[in-house]
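Peer 1: Given the sequences, and given the hints that come with them, work out the whole structure.
Given next are the chains, with one letter for each unit.
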Amino acid sequence: MPEAGQEVIKARRFLKDRLQRDYTTLRGYEAERSNVRQLLQRTAEMGESNSLLLIGPRGAGKTTLINSVLTDLLENNAFVDNTLIVHLDGNLHTDDRIALKSITVQMRLENAADGKVFGSFAENLAFLLQCLKAGDKKSKSVVFVLEEFDLFCAHHNQTLLYNLFDVSQSAQAPICVLGVTCRLDVIELLEKRVKSRFSHRQVFLFPSAHQFEEYAALFQELISIPSSKELKSNVDRIDSLELLKSEAFTFQRNHFDSVEYTFDKRFVDNWNKDISKLMKSPTVEKTLKMLYDFDVSQAFLKMFTFRLVAKIKREAPHITAELVAALATQYECDDKVDLLCGLSVLELCLIIAIKHHSTIYDRDPFNFEIVFGRFNKFAKVSSTMQGVERAIVLKAFEHLRIVELIMPLSNSGLGKVQKEFEMHKLALTYGQIQQAVQRYQALPTEVAQWAQSSLI
Amino acid sequence: TRLADGTPRRSIQLSNIVEQRIFDNNEIISTPKRSRSKLADDADYTPKKSTHKSPGRPRRMSTTGTSTKQKEDAPMTPSQKMKKIRAGELSPSMEQRHQQLDVGHKSQLQLAREQLHVSVVPKSLPCREKEFDNIYSFLEGKIQDQCGGCMYVSGVPGTGKTATVTGVIRTLQRLVEQDKLPAFEFLEINGMRLTEPRQAYVQIYKQLTGKTVSWEHAHSLLEKRFTTPAPRRLTTVLLVDELDILCNRRQDVVYNLLDWPTKSAAHLVVVTIANTMDLPERLLMGKVTSRLGLTRLTFQPYTHKQLQEIVTARLAGSEAFKGEAVQLVARKVAAVSGDARRALDICRRATEIADTGSEPTANAATKCVTMLHVQQALGEMIASAKVQAIKNCSRMEQIFLQAVAAEVTRTGVEETMFHGVYTQIETIATFMGVALPAPGRALNICSKLGAERLIICEHSRNDLFQKILLNVSPDDIHYALRVEGN
Numbered sequence: 001m002p003e004a005g006q007e008v009i010k011a012r013r014f015l016k017d018r019l020q021r022d023y024t025t026l027r028g029y030e031a032e033r034s035n036v037r038q039l040l041q042r043t044a045e046m047g048e049s050n051s052l053l054l055i056g057p058r059g060a061g062k063t064t065l066i067n068s069v070l071t072d073l074l075e076n077n078a079f080v081d082n083t084l085i086v087h088l089d090g091n092l093h094t095d096d097r098i099a100l101k102s103i104t105v106q107m108r109l110e111n112a113a114d115g116k117v118f119g120s121f122a123e124n125l126a127f128l129l130q131c132l133k134a135g136d137k138k139s140k141s142v143v144f145v146l147e148e149f150d151l152f153c154a155h156h157n158q159t160l161l162y163n164l165f166d167v168s169q170s171a172q173a174p175i176c177v178l179g180v181t182c183r184l185d186v187i188e189l190l191e192k193r194v195k196s197r198f199s200h201r202q203v204f205l206f207p208s209a210h211q212f213e214e215y216a217a218l219f220q221e222l223i224s225i226p227s228s229k230e231l232k233s234n235v236d237r238i239d240s241l242e243l244l245k246s247e248a249f250t251f252q253r254n255h256f257d258s259v260e261y262t263f264d265k266r267f268v269d270n271w272n273k274d275i276s277k278l279m280k281s282p283t284v285e286k287t288l289k290m291l292y293d294f295d296v297s298q299a300f301l302k303m304f305t306f307r308l309v310a311k312i313k314r315e316a317p318h319i320t321a322e323l324v325a326a327l328a329t330q331y332e333c334d335d336k337v338d339l340l341c342g343l344s345v346l347e348l349c350l351i352i353a354i355k356h357h358s359t360i361y362d363r364d365p366f367n368f369e370i371v372f373g374r375f376n377k378f379a380k381v382s383s384t385m386q387g388v389e390r391a392i393v394l395k396a397f398e399h400l401r402i403v404e405l406i407m408p409l410s411n412s413g414l415g416k417v418q419k420e421f422e423m424h425k426l427a428l429t430y431g432q433i434q435q436a437v438q439r440y441q442a443l444p445t446e447v448a449q450w451a452q453s454s455l456i
Numbered sequence: 001t002r003l004a005d006g007t008p009r010r011s012i013q014l015s016n017i018v019e020q021r022i023f024d025n026n027e028i029i030s031t032p033k034r035s036r037s038k039l040a041d042d043a044d045y046t047p048k049k050s051t052h053k054s055p056g057r058p059r060r061m062s063t064t065g066t067s068t069k070q071k072e073d074a075p076m077t078p079s080q081k082m083k084k085i086r087a088g089e090l091s092p093s094m095e096q097r098h099q100q101l102d103v104g105h106k107s108q109l110q111l112a113r114e115q116l117h118v119s120v121v122p123k124s125l126p127c128r129e130k131e132f133d134n135i136y137s138f139l140e141g142k143i144q145d146q147c148g149g150c151m152y153v154s155g156v157p158g159t160g161k162t163a164t165v166t167g168v169i170r171t172l173q174r175l176v177e178q179d180k181l182p183a184f185e186f187l188e189i190n191g192m193r194l195t196e197p198r199q200a201y202v203q204i205y206k207q208l209t210g211k212t213v214s215w216e217h218a219h220s221l222l223e224k225r226f227t228t229p230a231p232r233r234l235t236t237v238l239l240v241d242e243l244d245i246l247c248n249r250r251q252d253v254v255y256n257l258l259d260w261p262t263k264s265a266a267h268l269v270v271v272t273i274a275n276t277m278d279l280p281e282r283l284l285m286g287k288v289t290s291r292l293g294l295t296r297l298t299f300q301p302y303t304h305k306q307l308q309e310i311v312t313a314r315l316a317g318s319e320a321f322k323g324e325a326v327q328l329v330a331r332k333v334a335a336v337s338g339d340a341r342r343a344l345d346i347c348r349r350a351t352e353i354a355d356t357g358s359e360p361t362a363n364a365a366t367k368c369v370t371m372l373h374v375q376q377a378l379g380e381m382i383a384s385a386k387v388q389a390i391k392n393c394s395r396m397e398q399i400f401l402q403a404v405a406a407e408v409t410r411t412g413v414e415e416t417m418f419h420g421v422y423t424q425i426e427t428i429a430t431f432m433g434v435a436l437p438a439p440g441r442a443l444n445i446c447s448k449l450g451a452e453r454l455i456i457c458e459h460s461r462n463d464l465f466q467k468i469l470l471n472v473s474p475d476d477i478h479y480a481l482r483v484e485g486n
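Heads up: the protein sequence lines correspond to chains H and U, in order. Going by the working numbering, the first residue of the first sequence is number 1, and it counts up by one from there. Going by the working numbering, the first residue of the second sequence is number 1, and it counts up by one from there.
Hint data in this document are derived by calculation from the structure and do not stem from the laboratory. All figures in this text were calculated on a predicted structure; none of them were measured in a lab. Any given hint could be a false lead.
With a Cα cut of at most 27 Å, we get these calculated DSS-like pairs of lysine-lysine [stated by the list, open to error]:
| hint | chain 1 | residue 1 | chain 2 | residue 2 |
| --- | --- | --- | --- | --- |
| 1 | H | K116 | U | K84 |
| 2 | U | K211 | U | K81 |
| 3 | H | K101 | U | K81 |
| 4 | H | K289 | U | K391 |
| 5 | H | K137 | U | K123 |
| 6 | H | K311 | H | K265 |
Distance windows between CB atoms, simulated [to be verified]:
| hint | chain 1 | residue 1 | chain 2 | residue 2 | range |
| --- | --- | --- | --- | --- | --- |
| 7 | U | T209 | H | T94 | 30 to 38 Å |
| 8 | U | L372 | H | Q6 | 57 to 65 Å |
| 9 | U | T370 | H | H156 | 42 to 50 Å |
| 10 | U | L111 | H | A78 | 15 to 23 Å |
| 11 | U | E223 | H | H156 | 53 to 61 Å |
| 12 | H | E221 | U | N248 | 54 to 62 Å |
Cβ atoms here follow ideal geometry from the backbone N, Cα and C, with glycine treated the same way.
Peer 2: Structure follows, in structure tokens:
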């Protein structure tokens, strides 16, 4: 039935879209969210100056929290009219010069024209400080969002941070400095005078690691389709955002918008019934538990879910427990073992020779000559490896080196040492080599036996 | 051909404006000079294009220069604007609010919060009377005697150095208004607000005249001003904040700033502020230290009594804070740094907590900051979230941390190798009956923990041989995981 097929494709598109482009929906973190929200609101409405650090591991939803707070506040006209928002990113604004130009443009100061800033670095700094100093409670509040805050700490003298925090601690234009970083010890990076000027508000965002049930519920939410009423409310929310057409928010132009999706009610019911049935299966629970043991962040789960959703096809329109389990095995498997299984027998023999050398001499470094000697002893008595030339073995050795299964001792290489004599170390555990020998397709028995013991 | 047409056409349009402005309004425009000369070069294009563009001309005529008011509003080109900024004719401004702040009814907590903001500097700083007198008598003496001099003020951040000095200056300026003291000029620079030490000349000159010039020019002008004697020269007080930033390797800027006061013509008094007490001996050259002199003053960190006094002075009889709450803040902060900013920030946070925390129960009038609120604020702001972070790691990450700790105990050295840690992971995972992560996955976990700075690790290109340091104490790990286990 083509109709059903269409519906499945639409569902897939919807799920993928929601996973990738829904920048503003935050799950959990009620207390932290209200803390940040109140701070921003006070900055905008009462003209208070503040500073705050948002700290949490990667993938914990730090940026999403800010986005969601800002979108919330942007619906409020009192906030929109009275604040400027300046976004800075430590990865893009790699020094104070670039950051300052960006601030000047985003604050629409008078020495900026159409995104081009006039004057030197020193002039820009002086002008910005003059502007902020000229401001008072009557001027607009400025919200600075500094992402990758730890990278700003690496700038020369921390001039930008000093000045931003200094403005927030003196009677000038009301500003709020929001730093976002994943480093827990970021405060230790600040200079003493910068640290003194920072009001030590820190908001920690930790993904809750204790409730596996929450994790499972989130997974269920990510793959189920909401009812039409929820879709409608979502559409309203997005529309009110887009109405503002604020330039500060680049994400709004490409935000997830559920207005394009309407689903047949029967299809939605069936789909969600399937999902809840799926959640009850022990395989799925085991898989989720495995993922959860590895990484508790929502970002990781979303990545997994995206791969899962991408598997939905017209021919196989259901998410099954087997599909989930099959995907999860990819997370368990070892890439280096796969790489080893793709080597030629000669290269594997060299790896085995290296392994023998390492076990005997307790992971001493080796060079080509040592390995070649050990390999030769085996090749002489083997029936398949006889008559392999030295040049070919060297080539195989070099191949091992460029795939970084073996690594040179010193990165500089010194240049003087000939390549046959350069010392290397093995970047594999013995367990990996053992697994590779077991899994290798059509490995000669001799080699398998030689791998077991170094005696020939 | 259309592309080729582009330039001359534009020049003609511009030239229309130029002619009309210059001849109609006698207004001087700097930029279009180039396009006028270009017009002369491209003279052969003009007839053709002017007929082509003639419909455009009346429109332009009607928009510009119809009234004198519009002439003033005519938009400046960016470089004209920049020229005005450099000449100091355009005062920098911020965008104004659409709605004004409502200064109507405020609760007691809100008032307290405003009073506690660090930016609200009181008229006279409590607990700094002695330092105030010291600086006051120094500056007053120098101004009365009309001679130059230097002073060095030091102390850890947040002990009221800059506030005291500016307070003294304000008092002196008031005296000048009452004609009790000869007039003086006050200049102020801050090392951290400059992009490089030599910009100090630019900033000083700018405060004298309002013009922005290059530092070489500013330097020679200042040199001229301070070295040549002039009748009726006013005494100039120069406050130099964050002196250590102005010290570069050659120390020419610091030398100049401290050398000018020695000139008899200068009448310059320099007050320098920095954090470290022994900066002149440690960082400055002999001749600079010699010029800095021995008039020094050190601001001690606030004791808990002083901090308490500062906070109660800010609150000024308001009932928003319980006495013991202030005392707790003062004692906790004094034990760490004696930083007044820190104490004020913690108090402000406590008011916020009291504001939100007790909303449903008490009515707004009786809200009050108690010990519990302060305790919560202290917990937030003198926070060590490491235990929390370890508790919230995933199972594998916790195993990894345990493995690093175990490897440290085994080898006895702080620095461990990934290879050894992985062996420990194998052991622990087998012991706990969990699936063993492949080395690649373990490296993933390692870099994640490294990004959080629970451990310090190298780039993972070193694979099995990367060195790992534990950034939390092993006791924290045991504490976090043991307590969770129960």
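Peer 1: Indicate, hint by hint, whether the structure satisfies it.
Peer 2: Structure-based check of each hint:
1. With a C-alpha separation of about 17 Å, the suggested pair K116/H and K84/U falls inside the 27 Å cut-off, and the hint holds.
2. Of the pairs offered as hints, the one joining K211/U and K81/U holds, with about 14 Å between alpha carbons and a cut-off of 27 Å not exceeded.
3. Our distance criterion of 27 Å between C-alpha atoms is met by K101/H and K81/U, whose separation comes to about 17 Å.
4. For the suggested pair K289/H and K391/U, the alpha carbons sit about 17 Å apart, so the restraint of at most 27 Å is met.
5. Our distance criterion of 27 Å between C-alpha atoms is met by K137/H and K123/U, whose separation comes to about 20 Å.
6. A C-alpha spacing of about 23 Å is found between K311/H and K265/H, which places the hinted pair at or below 27 Å, so the restraint holds.
7. With their beta carbons about 35 Å apart, T209/U and T94/H fall inside the hinted range of 30 to 38 Å.
8. For the pair L372/U and Q6/H, the supplied restraint of 57 to 65 Å holds, since their beta-carbon distance comes to about 60 Å.
9. The beta-carbon spacing between T370/U and H156/H, approximately 45 Å, falls within the hinted interval of 42 to 50 Å.
10. For the pair L111/U and A78/H, the supplied restraint of 15 to 23 Å holds, since their beta-carbon distance comes to about 21 Å.
11. Range check, E223/U to H156/H: Cβ separation about 28 Å, and the 53 to 61 Å hint is violated.
12. Separated by about 58 Å at the C-beta atoms, E221/H and N248/U satisfy the suggested range of 54 to 62 Å.
Hint 11 alone, counting from the list given before, is not met by this structure.
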